[in-house]
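Chemist: Spelled out, the chains give:
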Amino acid sequence: MTPTDPDRDRGPGGGSSGPPPNWALALDLGLRLGISVIVGLGLGLLVDGWLHTSPIFTLVGVVLGVAAAMYTIWNVAQQAMRR
Amino acid sequence: MPFFAAGELVTVSIKAEPLFSIGPFTFTNSMVGALLASAVLLLVAWYFTRRSTLVPSRFQALLEFPIDWMTSIVRDSGGSRWRGFVTLILTFFLLILVANYLGLFPGVGTIGLVHHAETGDELVPFVRSAAADLNFTLGLAIVSFVTFIWWGIRVNGVGNYLKEFLGEPRYMAPLMAPIHVISELSRLISLSMRLFGNVFAGEVLLATMLALVPIAVPTVFIGLELIFGFVQALVFALLAMTYITLAIAEHAHHDEHESPHADLAASEGTGHTPPAAEAA
Chain W
6 MTPTDPDRDR GPGGGSSGPP PNWALALDLG LRLGISVIVG LGLGLLVDGW LHTSPIFTLV
66 GVVLGVAAAM YTIWNVAQQA MRR
Chain B
2 MPFFAAGELV TVSIKAEPLF SIGPFTFTNS MVGALLASAV LLLVAWYFTR RSTLVPSRFQ
62 ALLEFPIDWM TSIVRDSGGS RWRGFVTLIL TFFLLILVAN YLGLFPGVGT IGLVHHAETG
122 DELVPFVRSA AADLNFTLGL AIVSFVTFIW WGIRVNGVGN YLKEFLGEPR YMAPLMAPIH
182 VISELSRLIS LSMRLFGNVF AGEVLLATML ALVPIAVPTV FIGLELIFGF VQALVFALLA
242 MTYITLAIAE HAHHDEHESP HADLAASEGT GHTPPAAEAA
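Protein chains in written order, with our numbering: chain W, 6 to 88; chain B, 2 to 281.
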C-alpha cells in the first residue's frame with residue numbers, strides 16, 4: 006500500500022488543528038483498564054481450553070492484560086505530555 | 002396474540018427480541034429501531050438537499066445546528082486530515098443521537114405483542130432502542146475500529162504500522178505484540194460496551210419507573226435520558242475521532258524520531274507525511 010495524502014486540508018478559514026479533547030480520553034481510560042485485564046483473562050482461558058494447559062495461559066493472559074492496562078496508561082500519558 | 006400496552010408487563014430483555022424471520026434471517030425489534038433511525042436521517046437529508054436555502058429558515062437552522070457544531074469540533078480537534086473522516090464521525094453522532102431519542106418516543110418499548118412464557122406473560126415490543134442491543138453498538142465499534150487501523154496504515158504504510166505494532170527493540174516483539182493486541186481489542190470492547198451499557202441501563206430505569214409509578218414520575222427520567230442520549234452519542238463520536246486522530250498522530254510521532262525532518266513534522270502536528278510517502 007502506498008501512503009497517500011489527499012486529505013491534508015485545514016478547511017475553510019484554515020481551522021486550527023488542536024489536540025483531541027483530553028476528557029474523552031480520560032473518560033475512556035477507566036473502562037479500558039478493566040477491559041484490558043478481562044480480555045487478557047478471556048484469551049488465556051480460551052487458549053487453555055483449546056490446548057488443555059490450564060492454568061498456564063490463564064495466568065499468562067492475566068499478566069499480559071495487566072501489562073496492556075499499564076501500557077494504555079503510559080500511552081495516554083505520553084499523548085497528553087506530547088501536547 | 003393480542004396487542005397490548007401496559008406498564009406492568011414491560012420488561013427489558015438484555016437480548017433483542019425476534020419479531021419474525023425471513024429464511025435464515027431473523028428480524029429483531031432493535032433492528033426496527035435502527036431502521037427507523039436511519040429512515041428519519043434519510044428523510045431529513047432528503048429535505049435538506051431539496052429544500053435548503055442560502056438564508057436558512059428556522060427549521061433549516063435547527064437541522065444545520067448539530068451538523069455545524071459537530072463539524073467544527075472535528076475540524077478543531079481532528080488534525081489536518083479531518084476532512085477524511087468527518088462524515089463518519091457525523092454519521093456516528095447523528096445515528097446514535099436519533100436512535101437514542103427514538104427510544105424515548107411514546108410506544109417504543111411499551112407497545113407490542115404479549116408473549117405467553119412459562120414464567121408469565123411478557124411484552125415483546127415492536128420497536129426497541131437500537132443502542133440497547135449490543136449487536137448495534139458492536140457493529141458501530143467495529144466500523145470505528147477498522148477505520149482507525151486503516152488510517153494508521155494509510156498514513157504510515159503496512160510495514161511501518163507492523164513495525165510499531167511489534168515494538169522496539171525487536172526482541173521484545175513476543176511480549177509487545179500480545180500487549181498491543183489486547184490494548185487494541187480493549188478499545189473495541191470499551192466503545193461498544195459503554196454505549197450499550199448506558200442506553201440499556203436507561204431502558205431498564207424507565208421500565209422500572211413505569212412499573213412503580215406510571216404517572217408523572219417517568220417524565221423526570223425521560224428528561225434525564227434526553228441528556229444521557231445526547232452525551233452518549235457525543236462520547237462515542239468523540240472517542241472514535243480521538244482514536245483516529247491518535248492513530249495518525251502516533252505514527253507521525255514515531256516517524257519524528259526516525260526522520261531527519263523531525264522539526265518540520267513537529268511543526269505540522271498530525272499532518273506529517275513520512276518521507277517515503279512524499280517520495281512516492
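A hint or two may mislead.
Simulated DEER-style distance windows between Cβ atoms [to be verified]: (1) B/Phe26 - W/His57: 35 to 43 Å; (2) B/Ile15 - W/Leu64: 25 to 33 Å; (3) B/Gly140 - W/Leu34: 19 to 27 Å; (4) W/Leu50 - B/Ala118: 47 to 55 Å; (5) W/Thr58 - B/Lys16: 43 to 51 Å.
To give an idea of the chain B side of the interface with chain W (calculated C-beta under 10 Å), a few residues [claimed, not checked]: (6) Val13; (7) Ser14; (8) Ile15; (9) Leu235; (10) Val236; (11) Leu247.
By construction, these hints were calculated from the structure, which means they are not laboratory data. Glycine included, C-beta positions come from ideal geometry on N, C-alpha and C.
Chemist: Are the hints correct? Go through all of them and say.
Modeler: A quick look at each hint next to the structure:
no. : hint                           : result
1   : B/Phe26 - W/His57: 35 to 43 Å  : 37 Å, holds
2   : B/Ile15 - W/Leu64: 25 to 33 Å  : 31 Å, holds
3   : B/Gly140 - W/Leu34: 19 to 27 Å : 24 Å, holds
4   : W/Leu50 - B/Ala118: 47 to 55 Å : 32 Å, violated
5   : W/Thr58 - B/Lys16: 43 to 51 Å  : 33 Å, violated
6   : Val13                          : 22 Å, violated
7   : Ser14                          : 23 Å, violated
8   : Ile15                          : 18 Å, violated
9   : Leu235                         : 9 Å, holds
10  : Val236                         : 6 Å, holds
11  : Leu247                         : 6 Å, holds
The earlier numbered hints that this structure contradicts are 4, 5, 6, 7 and 8.
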